[in-house]
Amino acid sequence: MTIRALLSGDAGPGSGLALARAVAGSAGLRLGGMALGFLVGVQLARGLGTAGYGIYGMAMSIIALLTVPTELGLPQLLTREVASAQAKADWARLRGVIGWSVRTVLWTSLLIATAIVAWTWGYGRDLMPGTNAALLAGLALVPLTALGNVAGATLRGLHHVVSGQISEVVLRPAAFCALLFVASALYGPLTAPVAMALGSAAAGIALGAGLLMALRRLPAEVSQVRGRADARVWWTSAVPMALTEGMRVLQAHLVILVLGLMAPAATVGLYRVASSTALLLAVPVTLFNIAAAPTLSRLHALGDAHRLQRLLGGIAGGMLIGVVLLWLPFLAAGESLIGLLFGPAYAASAAPLAILGAGVAASAFFGANATLLNMTGHQQQVTRASSIALVLLAVLLPPLIWAGGATGAAVASVLASTAWNALLWHAARTQLGQDTRVVALLRSRHHDVA
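Under the working numbering, think of the first position of the sequence shown as 353, with each following residue one higher.
Worth flagging that the hints you see were computed from the coordinates, not collected in a lab. A few of these clues could be false.
Pair ranges (Cβ atoms, derived) [claimed, not checked]:
| id | residue 1 | residue 2 | range |
| --- | --- | --- | --- |
| 1 | L567 | L462 | 31 to 41 angstroms |
| 2 | L677 | R584 | 26 to 36 angstroms |
| 3 | A387 | T466 | 32 to 42 angstroms |
| 4 | V743 | R584 | 28 to 38 angstroms |
| 5 | T466 | G384 | 54 to 64 angstroms |
| 6 | S575 | A470 | 33 to 43 angstroms |
| 7 | A387 | E687 | 18 to 28 angstroms |
| 8 | H658 | S739 | 31 to 41 angstroms |
| 9 | A467 | K440 | 33 to 43 angstroms |
| 10 | K440 | R781 | 22 to 32 angstroms |
Ideal Cβ placement from N, Cα and C applies to all residues, glycine included.
From just these sequences and the hints, can you work out the full model?
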């Protein structure tokens, strides 16, 4: 699909123009959020030092893992179910799935928070010195993050793609940045527990804003009907998605956890800077996936396979171009850029960042494979690929970290993520007859010319 083809058609929720507008709006938000996120990272890296930033990174990785069972795959399920219910004007089902999701998050968050408090106070021992204190200070992030993602997923399912990202992408890092500045000015040097507590406060502010936006944008008909729950069907879909999300998050944070067990806190801090910067490179991949999710679901529901294939090619092409443009400056002057942004102590992060950047480019090449499968009811394929990639990562990490430290960890991460993408591309080809790779864009252009 060419850019011209992407922009053609009406502005309805299933049109190429609607997707292009969503991507453009998401790009604006991501650029703002990217700048704020970098500023937060700089504040934390400089304020905590390499060792303190390593402790913070270890605690945040644990928090990220704890958030998975509280969400239970609900964000993706909500986006899919809300988009489908709105398309069919099934307001009772729409209200039912939102209410069921909120109740599920609250109960699971309470259970997990209680278990973690009991463990750290009664029996736990620090995985890394100082981790438990930081973990307790940031424990509120578990329910706050999960509920914030539920609000955002609801908005995206209603085709308010840009609004569905404002709270988490912009407001949360903006609030965190402001709180860090005030705390540093009033109380002096940061500690990992203080940083975690401030992060929790920022998440609370973002959640409040997200809930207000979601309530304002719900169709008026939703408040006039009684919610109809289909919990059995939703659990059937949510559990595989939760397993997939859990394995994805574990794959992303397992590196930090293993590094924390095998290497000094300073090495964890170096890798944390590299992985955080790699998230910057992945912004095009993220925004295309988020913006395209409801459209992919809609086109599949309508049975429009040809239009779906053209759209997938355009998505992959946009992803790859964006990633390469962001990656090139760090390839050319990685040490100088990282030293300028985070401080000279972090210059060694350039080597693992170069490797992680290659992995992001590979993900862009394979396109919106996971999103396509999840939005079309083939989430089991994503779960299967994620489990294989996770096992591969667990096998590769110890020897590669032992041999190369943070750089070896980056190699293991890229090998596992590339295997994951290849498996998902194959599943999309065999299950749906769709090619998510960037080469589909070239085939689409040849077809259009013919």
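Against the structure, the hints come out as follows:
1. L567 with L462: 31 to 41 angstroms: Once the Cβ atoms are compared, 23 angstroms apart, the range 31 to 41 angstroms for L462 and L567 is violated.
2. L677 with R584: 26 to 36 angstroms: Between L677 and R584, where Cβ atoms are some 46 angstroms apart, the hint is violated.
3. A387 with T466: 32 to 42 angstroms: holds (38 angstroms)
4. V743 with R584: 28 to 38 angstroms: The hinted range 28 to 38 angstroms holds for V743 and R584, with Cβ atoms some 30 angstroms apart.
5. T466 with G384: 54 to 64 angstroms: Hint violated: Cβ distance 37 angstroms, outside 54 to 64 angstroms.
6. S575 with A470: 33 to 43 angstroms: For A470 against S575, whose Cβ atoms are near 40 angstroms apart, the range 33 to 43 angstroms holds.
7. A387 with E687: 18 to 28 angstroms: Since A387 and E687 have Cβ atoms about 22 angstroms apart, the given range 18 to 28 angstroms holds.
8. H658 with S739: 31 to 41 angstroms: holds (33 angstroms)
9. A467 with K440: 33 to 43 angstroms: holds (40 angstroms)
10. K440 with R781: 22 to 32 angstroms: Roughly 29 angstroms apart at Cβ, these two residues keep to the hinted range, so it holds.
This entry does not satisfy hints 1, 2 and 5, going by the numbered hints stated previously.
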